[in-house]
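*Asks:* Same order as they appear, the protein sequences are chains Z and X. So for the first sequence, UniProt numbering puts the first residue at 1; every next one is plus one. So for the second sequence, UniProt numbering puts the first residue at 1; every next one is plus one.
Rather than coming from a laboratory, the hints here were simulated on the basis of the structure. Since the structure is predicted, the reported quantities are computational estimates derived from the model, not experimental observations. Some hints here could point you the wrong way.
Which bits of chain Z does chain X cover? Going by a derived footprint, with three or more residues having C-beta under 8 Å, they are [stated by the list, open to error]:
{"id": "1", "segment": "7-18"}
{"id": "2", "segment": "195-206"}
Straight line, CA to CA, 16 Å or less: simulated EDC-like cross-link-like pairs of lysine to aspartate or glutamate [as the list claims (entries may be wrong)]:
{"id": "3", "chain 1": "Z", "residue 1": "K218", "chain 2": "X", "residue 2": "D135"}
{"id": "4", "chain 1": "X", "residue 1": "K160", "chain 2": "X", "residue 2": "E32"}
{"id": "5", "chain 1": "X", "residue 1": "K6", "chain 2": "X", "residue 2": "E32"}
{"id": "6", "chain 1": "Z", "residue 1": "K137", "chain 2": "X", "residue 2": "D25"}
Just so you know, even glycine gets a beta-carbon here, dropped at the ideal spot from N, CA and C.
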Amino acid sequence: MTWDEMVPLLRQGTLETLQMTVWSTLFTALGGILLGVLLVLTDRGGLLPAPPVNQVLGVIVNIGRSLPFVILMMAIIPFTRALVGTSIGTQAAIVPLTLSAIPFYARLVETALREVDPGVVAAAQAMGASRVQIVGKVLLREARPGLVAGLTVTVVALISYSAMAGAIGGGGLGDLAIRYGYQRFETGMMLAILVLLIALVQLVQSLGDLAVRRLTHK
Amino acid sequence: MIQIEKLRKVYRARGREVTAVDGVDLTVREGEVFGVLGRSGAGKSTLLRCVNLLERPDEGRVRVDGRDLLELSGGELRRARQRIGMIHQHFGLLSSRTVAGNVAFPLEVMGVPRAERAARVAELLELVGLTEHADAYPAQISGGQKQRVGIARALAGRPKVLLSDEATSALDPETTASILELLRDLNRRLGLTILLITHEMDVVKRICDSAAVMRQGRVVESGPVRELLLRPGSELARGLFPLPEPVLRGDTTVVDVTFEGESADRPFVSTLARTYSIDVNILGGAVEDIGGTRIGRLRIELPGPPDVNAAQLAHLREAGLTVEVHGVAGDAAGAGDTATEEEAPVS
Ligand SMILES: Nc1ncnc2c1ncn2[C@@H]1O[C@H](COP(=O)(O)OP(=O)(O)OP(=O)(O)O)[C@@H](O)[C@H]1O
Ligand SMILES: [Mg+2]
Numbered sequence: 001m002t003w004d005e006m007v008p009l010l011r012q013g014t015l016e017t018l019q020m021t022v023w024s025t026l027f028t029a030l031g032g033i034l035l036g037v038l039l040v041l042t043d044r045g046g047l048l049p050a051p052p053v054n055q056v057l058g059v060i061v062n063i064g065r066s067l068p069f070v071i072l073m074m075a076i077i078p079f080t081r082a083l084v085g086t087s088i089g090t091q092a093a094i095v096p097l098t099l100s101a102i103p104f105y106a107r108l109v110e111t112a113l114r115e116v117d118p119g120v121v122a123a124a125q126a127m128g129a130s131r132v133q134i135v136g137k138v139l140l141r142e143a144r145p146g147l148v149a150g151l152t153v154t155v156v157a158l159i160s161y162s163a164m165a166g167a168i169g170g171g172g173l174g175d176l177a178i179r180y181g182y183q184r185f186e187t188g189m190m191l192a193i194l195v196l197l198i199a200l201v202q203l204v205q206s207l208g209d210l211a212v213r214r215l216t217h218k
Numbered sequence: 001m002i003q004i005e006k007l008r009k010v011y012r013a014r015g016r017e018v019t020a021v022d023g024v025d026l027t028v029r030e031g032e033v034f035g036v037l038g039r040s041g042a043g044k045s046t047l048l049r050c051v052n053l054l055e056r057p058d059e060g061r062v063r064v065d066g067r068d069l070l071e072l073s074g075g076e077l078r079r080a081r082q083r084i085g086m087i088h089q090h091f092g093l094l095s096s097r098t099v100a101g102n103v104a105f106p107l108e109v110m111g112v113p114r115a116e117r118a119a120r121v122a123e124l125l126e127l128v129g130l131t132e133h134a135d136a137y138p139a140q141i142s143g144g145q146k147q148r149v150g151i152a153r154a155l156a157g158r159p160k161v162l163l164s165d166e167a168t169s170a171l172d173p174e175t176t177a178s179i180l181e182l183l184r185d186l187n188r189r190l191g192l193t194i195l196l197i198t199h200e201m202d203v204v205k206r207i208c209d210s211a212a213v214m215r216q217g218r219v220v221e222s223g224p225v226r227e228l229l230l231r232p233g234s235e236l237a238r239g240l241f242p243l244p245e246p247v248l249r250g251d252t253t254v255v256d257v258t259f260e261g262e263s264a265d266r267p268f269v270s271t272l273a274r275t276y277s278i279d280v281n282i283l284g285g286a287v288e289d290i291g292g293t294r295i296g297r298l299r300i301e302l303p304g305p306p307d308v309n310a311a312q313l314a315h316l317r318e319a320g321l322t323v324e325v326h327g328v329a330g331d332a333a334g335a336g337d338t339a340t341e342e343e344a345p346v347s
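With the rest of the complex left out, here is chain Z (with noise of 0.2 Å):
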């Protein structure tokens, strides 16, 4: 295979790897902040408590975590089909990636807002702030580098099983590798896409770490 002939693969490989990193990743970061607010909410001593809430959600997010990517994968076709009309290609990934990843960062949300110092959500309700204003003025901007470095090692992630989406239809660089770099042994090619998915995740953790460093005072 020669290099003009690859280029224009692995630019769609690495466009459509982007596609679904992206857009799983928000929608992971919406999701895994509203479980993760949800599950410190709802605990025992916090702002909203309700126990048998909490545990369910914990329940819930423990077995999303421990379904394997594939296997939550291909479970889940039906729902996936349902919800995009297709179980093949980028967009049809996104489903399986967020609902894989928002139990994996609902976790880390979690743990970061419970490192928030509970002498300043007391001083806020000492103040008068409701409970909104005390998740959103308190809780998620003090956690912010905690919010931040945990979605870095979500998004790290989330590429990773991209690749992993690829091997059964979902398109990008996992895709790509599958079908040049192991059924055809294009060697080339593989080294290609392994330069490109380091590069990749490289950028990410560095992108991460600077905006976590940008964000703390401490």
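Guided by the hints, dock chain X with the ligands onto chain Z, whose structure is given.
*Replies:* Coordinates of chain X with the ligands only, in the frame set by chain Z:
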């Protein structure tokens, strides 16, 4: 300004019950600085947290500026809290916001428009002397400066009442003094009523008009500081004038004499010695400046047991001194404990 009635708070954790506040009655008058003292675990913080209902009492009533807080709805309580400032031992500042941002926080909570907010923040920072540090983050300023931010923030809603839980306990003595000075100044200039919790005698001595001592969830004594110091058997006085347990020999009378203002200037010891031709032994003592008056306590020893010293003790009382006679050695009161003669409060 603050009325606490029959307040009780019980913590229940894993079947174990801790009565943190056990039937406390307390009144803080408008414009005064009221200190609550007590050992660790006495229930001071719990009591304070019941005043703005960070902690819901199990029984009793809490009134602040005439309003019964327990009757308020969620929204009303939040608005009431905006008018009750609170400062904390560990400051409770948002690490992600600058000094100015921290002071702006309560204004945002109150829904003050942005333009007004900036002006008010500047005004508050000026008040606590932090204008230069407006753009610093809490991690970049000292503990004393952090507490100033805490104070500026607490004053944002123009409160009539300020609650302070060990606001100076994390600070060194010099910084403590400057923060107490600031609180005293705010109390005078703004007429701010301050209810503060402390375990430091020095805080009471420096800024409190009145004080209460708590032990095991109960208030064991309370009143104006001056009166408490003159009250025989007062724990506050014992804390402020630390004298060792007296060695009682039975053939002498050990007396603690508390004096204030004018009577402090008269040489009562030598007068006593001369009048009765006795040797008066001075065992110890201290003089403190409390709210502008000098109050002192002197421990003296007179020859002969208390019953032969009746005239001498009467003489001291007539001189306007507060007299506290220690029990005799071998007394049923037992070692370590100091039995005290019944005494009418000083008028
Ligand atoms: N959230 C809580 N849950 C259970 N018990 C508590 C809680 N808060 C306080 N207590 C208990 O209530 C009692 C009074 O505590 P509190 O914090 O009011 O004391 P304090 O006088 O402020 O002590 P310190 O000087 O150490 O701050 C203590 O026995 C404490 O263990
Ligand atoms: Mg305390």
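*Asks:* Could you run down the list of hints and mark each one as holding or not?
*Replies:* We went through each hint and held it up to the structure:
1. 7-18: Per the Cβ count (0), the hint is violated.
2. 195-206: Not satisfied, violated; 0 residues make the cut.
3. K218(Z) with D135(X): Answer holds: K218(Z) to D135(X) is near 14 Å, not above 16 Å.
4. K160(X) with E32(X): Between K160(X) and E32(X) the Cα gap is close to 11 Å, so the pair holds against 16 Å.
5. K6(X) with E32(X): violated, 22 Å
6. K137(Z) with D25(X): violated, 36 Å
This entry does not satisfy hints 1, 2, 5, 6, going by the numbered hints stated previously.
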